[in-house]
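A.B. asks: The residues making up each chain are set out below.
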Amino acid sequence: MSDHINKELSEAERQAYLDKFGVTPADASHDILLQMIEDQFANGLKTQVEPFPETDREFGALLDELRPLNADQLREKLDISGWLLEPYGEDQMRCQECMYYLVHKRWCDLPELDLPAEPQWWCRLWRI
Amino acid sequence: MANLLWLQGGACSGNTMSFLNAEEPSACDLVTDFGINVLWQPSLGLELGDQVKEIVEKCISGEIKLDIFVFEGTVINAPNGTGEWNRFCGRPMKDWVKELCEVADFVVAIGDCATYGGIPATAPNPSESVGLQFLKRDKGGALGEGFTAKSGLPVINIPGCPAHPDWVTQILVAVATGRAGDLTLDEFHRPKTFFSSFTQTGCTRNMHFAYKVSTTAFGQRKGCLFYDLGCRGPMTHSPCNRILWNRHSSKTRAGMPCLGCTEPEFPFFDLAPGTVFKTQTVMGVPKDMPEGVDKKGYIKLTAAAKGAAPAWAEEDIFVV
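The listed protein sequences derive, respectively, from chains A and B.
Note that the working numbering has the first sequence beginning at 1, numbered continuously upward.
Note that the working numbering has the second sequence beginning at 1, numbered continuously upward.
Please keep in mind that the hints were generated in silico from the structure rather than gathered at the bench.
In this text, all values refer to a predicted model and were calculated from it rather than measured experimentally.
Just so it is clear, CB atoms sit at the ideal spot from N, CA and C, and this is done for glycine as well.
Mixed in with the good hints, there may be bad ones.
Said to hold, decoys possible - Covered stretches of chain A (chain B as the covering partner; in silico rule of three or more C-beta atoms under 8 Å from a C-beta of chain B): (1) 70-77; (2) 119-128.
Claimed, not checked - Quick list of simulated restraints, FRET-style, between CB atoms: (3) A/Glu38 - B/Phe269: 36 to 42 Å; (4) A/Phe41 - B/Gly297: 32 to 38 Å; (5) B/Arg221 - A/Gly89: 50 to 56 Å; (6) A/Asp27 - B/Gly297: 41 to 47 Å; (7) B/Cys89 - A/Glu58: 22 to 28 Å; (8) A/Glu90 - B/Glu315: 18 to 24 Å; (9) A/Asp39 - B/Phe269: 28 to 34 Å; (10) A/Ser10 - B/Phe269: 53 to 59 Å; (11) B/Ala311 - A/Ser10: 36 to 42 Å; (12) A/Asp39 - B/Ala311: 27 to 33 Å; (13) A/Glu58 - B/Cys28: 50 to 56 Å.
In isolation and in its complexed conformation, chain A is listed as follows:
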């Protein structure tokens, strides 16, 4: 498990969310959450895109990192999952084809993420 990941939202981060969006991620609507995600990247967030979990054990290790996070820890979720706002790799993998993606709800149904997503986005928990 990554040591640098805090398991609580800092007071400064909480206040920043409130100042900018009026809510924290845990209470945000679908559209606000999408804005929050885009905002993280606009502010220079670099996520852990590699290594891609080639095996289920590696995949499970990432889930183990995500599971203790609370719904407010949006940045940490994006970081650990290797979230990107574009397709990835030579196969141009994207949420649209991912097993966890609900295309009509534009939602990632993986319980450990449970976030809105656009079809052209991607993360390293992608499965088909």
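Chain A is fixed; fit chain B onto it per the hints.
C.D. replies: This is chain B only, laid out in the frame that chain A set:
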């Protein structure tokens, strides 16, 4: 009247429990309606000790005609091929099994263990267990690849962990009433009438399979269990969703992934940590595809299905 003798080797008695729950026909129907004379069965027989031994010896000597020999559980060979870890009536069970199979008109293996070795034969297989004619996918087992009973048929295998009760009783009735000639067996000696279709055939989650909507946690009633929770329904031969369990349900209908227990590799991946209830993937793509589907086709199909999926496929359609 057909004489039936049922013995257990390396077994948990699960198939006996299943058999006793049979409904179409029931275990009682076998006796009252179909003329099966149960010489002895571990949970039904009244005889004990020497009385059982006498029945078995009379079958071997021919004094009692043995029409159907049913075996449940593995043939145990440990330690060192002696079979002493599973003694029955004063000698290794494997010796009784061999002699009984030589005199029986029909030999029927009930459950995964008797068929392929099942869970006891999982690596490192400390009990040196084998099935009657298979060890997992390999032919041979306790009786050898070329074995045929006096009827000319090899061991009739009815796998499952346990086997569905009606698979057992229906095959026993077919054999006892002279309709064994109607049975066609597949490469693992399973009756094709039960084992040609897939567990997925008749699954109530098929629409979610088609539209690639995944169940992502236990308890969800939407979604297909294949994509994430390790369901083996699309590649397992069984009629679990055609001949329902307790006449009204099945594992997948109840939200439990199919474990593939009618296939020789069960339990899959030797039960290594992280392999149960989790679809095994390589670079995000399932290791085991639905039977007959290749990776390229699967990816194309997924893209098309996701693109065509209707909104209702994402909803829980079984709202209470």
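A.B. asks: Compare the structure with each hint and give your call.
C.D. replies: Here's how the hints hold up against the structure:
Under a criterion of three residues with beta carbons nearer than 8 Å to beta carbons of chain B, the stated coverage of the region 70-77 of chain A fails, only 0 such residues being counted. Beta-carbon proximity to chain B at under 8 Å applies to 3 residues in the region 119-128 of chain A; the threshold of 3 is reached and the given coverage holds. Restraint check, A/Glu38 to B/Phe269: a C-beta distance of roughly 40 Å satisfies the suggested window 36 to 42 Å. Distance hint for A/Phe41 and B/Gly297: a CB-CB separation of about 35 Å, consistent with the stated range 32 to 38 Å.
For the hinted restraint 50 to 56 Å between B/Arg221 and A/Gly89, the CB-CB distance of approximately 34 Å leaves it violated. For the pair A/Asp27 and B/Gly297, the beta carbons lie near 43 Å from each other, so the given range of 41 to 47 Å is met. Look at B/Cys89 against A/Glu58: about 52 Å separates their beta carbons, and that is not inside 22 to 28 Å. Hint check: A/Glu90 to B/Glu315, Cβ distance near 35 Å, so the stated range 18 to 24 Å is violated.
Range check, A/Asp39 to B/Phe269: about 43 Å between beta-carbon atoms, so the 28 to 34 Å window is missed. For A/Ser10 and B/Phe269, the hinted distance range of 53 to 59 Å is not satisfied, since their beta carbons lie about 42 Å from each other. Distance hint check: the CB atoms of B/Ala311 and A/Ser10 are about 38 Å apart, consistent with the given range 36 to 42 Å. For A/Asp39 paired with B/Ala311, a C-beta distance near 28 Å keeps the hint of 27 to 33 Å intact.
Judged by the Cβ atoms, the range 50 to 56 Å given for A/Glu58 and B/Cys28 holds: they are separated by roughly 54 Å.
Checked against the numbered hints listed earlier, the structure breaks hints 1, 5, 7, 8, 9 and 10; every other hint is satisfied.
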